[in-house]
Amino acid sequence: METTTQTLKANIRSALNNDRLQAAVLKATNHSLAKRAEVVAELPNWEAMRSEAALRRDRTLTRLDDTLLELEKNATAKGIQVHWVADGEEANQIIGQICREAVSGSETTSTKGEVVKPLIAKSKSMTTEEIGLTPFLESLGFEVVETDLGEYIVQIAGQAPSHITAPALHLSRQDVGRIFVEKLGVEYREDPVELINIARGILRQKFLSAQVGITGCNFAVAETGTPLIVENEGNGRLVSAIPRVQIAVMGIEKVVATLDDLMLLLELLPRSATGQRITGSVIFFNRPSSSRESDGPRELHLVILDNGRTKALADPKLRAVLRCIRCGACLNACPIYRTTGGHAYGWTYPGPIGAVLAPVFLGLEKAKDLPFASTLCGRCSEICPVKIDLHHMLLHLRQEIVAACPQPILEKVMWQTWETVMDHPALNQALAAIPRFLLHEVLRSHWSPKLPLWGRDRSSPNLAKESFAQMFKREFGEHK
Amino acid sequence: MSGRSVVLLAIQRALQEEPNSLPKETHTGYDRKPQPDLTGTDDILRRFSERLTMVGGETHVLSGDEAVNCILRELIVEFKDQIVLLPADPELERLGIPRLMNEVAVNRIQPESSSLSLAAEAAMGITTAQAGIADTGTIVLIHSSERGRLSALLAPVHVALLKKEMIFPDKITFLAKAQQAGLDYSATSQTWVTGPSLTADIEKVLVRGAHGPRRVIVLIYSTDQG
Ligand code: SF4
Numbered sequence: 001m002e003t004t005t006q007t008l009k010a011n012i013r014s015a016l017n018n019d020r021l022q023a024a025v026l027k028a029t030n031h032s033l034a035k036r037a038e039v040v041a042e043l044p045n046w047e048a049m050r051s052e053a054a055l056r057r058d059r060t061l062t063r064l065d066d067t068l069l070e071l072e073k074n075a076t077a078k079g080i081q082v083h084w085v086a087d088g089e090e091a092n093q094i095i096g097q098i099c100r101e102a103v104s105g106s107e108t109t110s111t112k113g114e115v116v117k118p119l120i121a122k123s124k125s126m127t128t129e130e131i132g133l134t135p136f137l138e139s140l141g142f143e144v145v146e147t148d149l150g151e152y153i154v155q156i157a158g159q160a161p162s163h164i165t166a167p168a169l170h171l172s173r174q175d176v177g178r179i180f181v182e183k184l185g186v187e188y189r190e191d192p193v194e195l196i197n198i199a200r201g202i203l204r205q206k207f208l209s210a211q212v213g214i215t216g217c218n219f220a221v222a223e224t225g226t227p228l229i230v231e232n233e234g235n236g237r238l239v240s241a242i243p244r245v246q247i248a249v250m251g252i253e254k255v256v257a258t259l260d261d262l263m264l265l266l267e268l269l270p271r272s273a274t275g276q277r278i279t280g281s282v283i284f285f286n287r288p289s290s291s292r293e294s295d296g297p298r299e300l301h302l303v304i305l306d307n308g309r310t311k312a313l314a315d316p317k318l319r320a321v322l323r324c325i326r327c328g329a330c331l332n333a334c335p336i337y338r339t340t341g342g343h344a345y346g347w348t349y350p351g352p353i354g355a356v357l358a359p360v361f362l363g364l365e366k367a368k369d370l371p372f373a374s375t376l377c378g379r380c381s382e383i384c385p386v387k388i389d390l391h392h393m394l395l396h397l398r399q400e401i402v403a404a405c406p407q408p409i410l411e412k413v414m415w416q417t418w419e420t421v422m423d424h425p426a427l428n429q430a431l432a433a434i435p436r437f438l439l440h441e442v443l444r445s446h447w448s449p450k451l452p453l454w455g456r457d458r459s460s461p462n463l464a465k466e467s468f469a470q471m472f473k474r475e476f477g478e479h480k
Numbered sequence: 001m002s003g004r005s006v007v008l009l010a011i012q013r014a015l016q017e018e019p020n021s022l023p024k025e026t027h028t029g030y031d032r033k034p035q036p037d038l039t040g041t042d043d044i045l046r047r048f049s050e051r052l053t054m055v056g057g058e059t060h061v062l063s064g065d066e067a068v069n070c071i072l073r074e075l076i077v078e079f080k081d082q083i084v085l086l087p088a089d090p091e092l093e094r095l096g097i098p099r100l101m102n103e104v105a106v107n108r109i110q111p112e113s114s115s116l117s118l119a120a121e122a123a124m125g126i127t128t129a130q131a132g133i134a135d136t137g138t139i140v141l142i143h144s145s146e147r148g149r150l151s152a153l154l155a156p157v158h159v160a161l162l163k164k165e166m167i168f169p170d171k172i173t174f175l176a177k178a179q180q181a182g183l184d185y186s187a188t189s190q191t192w193v194t195g196p197s198l199t200a201d202i203e204k205v206l207v208r209g210a211h212g213p214r215r216v217i218v219l220i221y222s223t224d225q226g
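Heads up: the sequence lines are chains A and B, in that order.
Residues 1 to 480 (our numbering) are what the first sequence spells out, left to right.
Residues 1 to 226 (our numbering) are what the second sequence spells out, left to right.
Hints are supplied without guarantee of correctness; some may be wrong.
[Unchecked claim] Below 27 Å or equal to it, Euclidean Cα-Cα: the simulated DSSO-like pairs (lysine-lysine) are:
1) K177(B) / K78(A)
2) K73(A) / K204(B)
3) K9(A) / K27(A)
Honestly, the hints are just simulated from the structure, not real lab data.
Treat the numbers as computed from the prediction; the structure is a model and nothing was measured.
Next comes chain A alone, as it looks inside the complex (with noise of 0.2 Å):
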């Protein structure tokens, strides 16, 4: 997706005048938490939970080097090929290559002598979205299909994702079927059942064509070599039984020690995503299948991706982001995300992680708008279910935005006055009494709807006659 976190605030306000997107995120969010609540009300230790994955994240953080290695020598050993990669460039360099090499020699026109792009199928990955993949591919000359539902409606749409677990939850089902006429000519419909429908139909005869089978990895288990996936679909089953290629992509934080604690995360990714005790499958992919086997990938590769990770990693205030199992639940309780969605971010993660992430992964020059649209309710690091301390996160990148961006001059000499009197009681004393005296005397007086930015949203403050400061020494005399 285009990074639009420089225009932030054009892209706040451009969602803050669309109707349509607000009543869908916020019937979508409000949708998720409630299902959320019911299943994690079942699980009385919910919250010991939290901490212990919280822990386990934490320590195989702390040996992350030693975690991956072993996840490579066992992933290796059983066939998996390995390819570490420590950017986007470079990612998407070796998985065309893979492409490439598997679908040479194969067929390249149809009966009537047109050129048929080969085809790979993909199954939701937010990674391959961050690497910007996909269009990568397609410059290649490879035909690429999002085969999850809701990623398909939003390729064939030509948007971006607006959502980790959701992508397409910005749109509503009249959005959608209008999308169809105008994309795929069919009739207008607006049943999602029908909806689903047509897109399964056309989506079936992909599976069956493609060549490559790209997907995510939701974790990858170092003692078994083992990367899987969890989806509801079945698309991601499909795309792993039935091109002979496939490719898994993992950012380096995905990796798990044990499957001990692969069946802590199991237990709270699900119900902290969707509301769901387990998801619909989770796919295993243990090794590349035999010569015997008549379906699964021949070919199995594992890309190992570090693109901005190891940057969190080393900072200690930073590091426990990348404790994150991408549930999506700190966007649905979030204030701001519920209020314009995901697009507004202006890029691939958006909500509270993602304005954690966007200065790590971008620079806190690009970014730097990111960490102020939050209202730091701490309502993301209540929901986390691996306890990231989101909002603080979010406050320390504003003091180190601060100090590292340059801000308007007017801004600072503001902020240093501030300072001065708030240093000194006296004076503050004194100048309150300024700002009291407008706000009452003149303000109020004078209020009307069409003040510049204050007024328009809000209406005139009816304050008190006398200031605390005043009332305390006439009930209590001078402080000594």
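Assemble chain B with the ligand onto chain A, guided by the hints.
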């Protein structure tokens, strides 16, 4: 320098800068007391059925091979003259299912040896499941040359045969016991399936039957062989 050494070096540097951010206190209050082993008991079986039904699956509890044959006949008759996928699984053979299918005159296809486009036309697929997890109503499909992925995946209806004694109370017990029960977790690829495939991608409306089966029917049986 290869990508591998660049990434590893970056990780090692990061860890040196900030070697140990673990809290001193490591007691989280999370402890899993050993549960009594209820694998294969009626209680666990009931729980499995209840949980699977909640997510839209169907179960039948059967005693003996004959009962399995009976119910399968009823299910298959609906698909007369249509394509049914049946892998070359010796357990299905032992239960006499290929013979049964010939009697009912369905068009039996082994996905291992047929074209993909033909297999994709199938109306039903029958497979064994190697284990069940009661807590979530999950069946475990372990893939091998005799038990491919497609029979459980391509058709709108998937019938899975699951031995009663292979139903474990939860994921943890499954993993602990799988090895003892002759299932090698890490040796083969596997899929855990819980109910029909589903999506809620349009306005969070739950639609059962996305890319995979719309109906999942689990036949839980105890064998005549004990
Ligand atoms: S930060 Fe926590 S709540 Fe947000 S996506 Fe990651 S794991 Fe989920």
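Verification of the supplied hints:
Taken as a hint, the K177(B) and K78(A) pair is honoured in the structure, with Cα atoms around 22 Å apart against an allowance of 27 Å. Only pairs whose Cα atoms come within 27 Å are accepted, and K73(A) paired with K204(B) is rejected, the gap being roughly 41 Å. For the suggested pair K9(A) and K27(A), the alpha carbons sit about 24 Å apart, so the restraint of at most 27 Å is met.
Hint compliance for this structure: hint 2 alone is broken.
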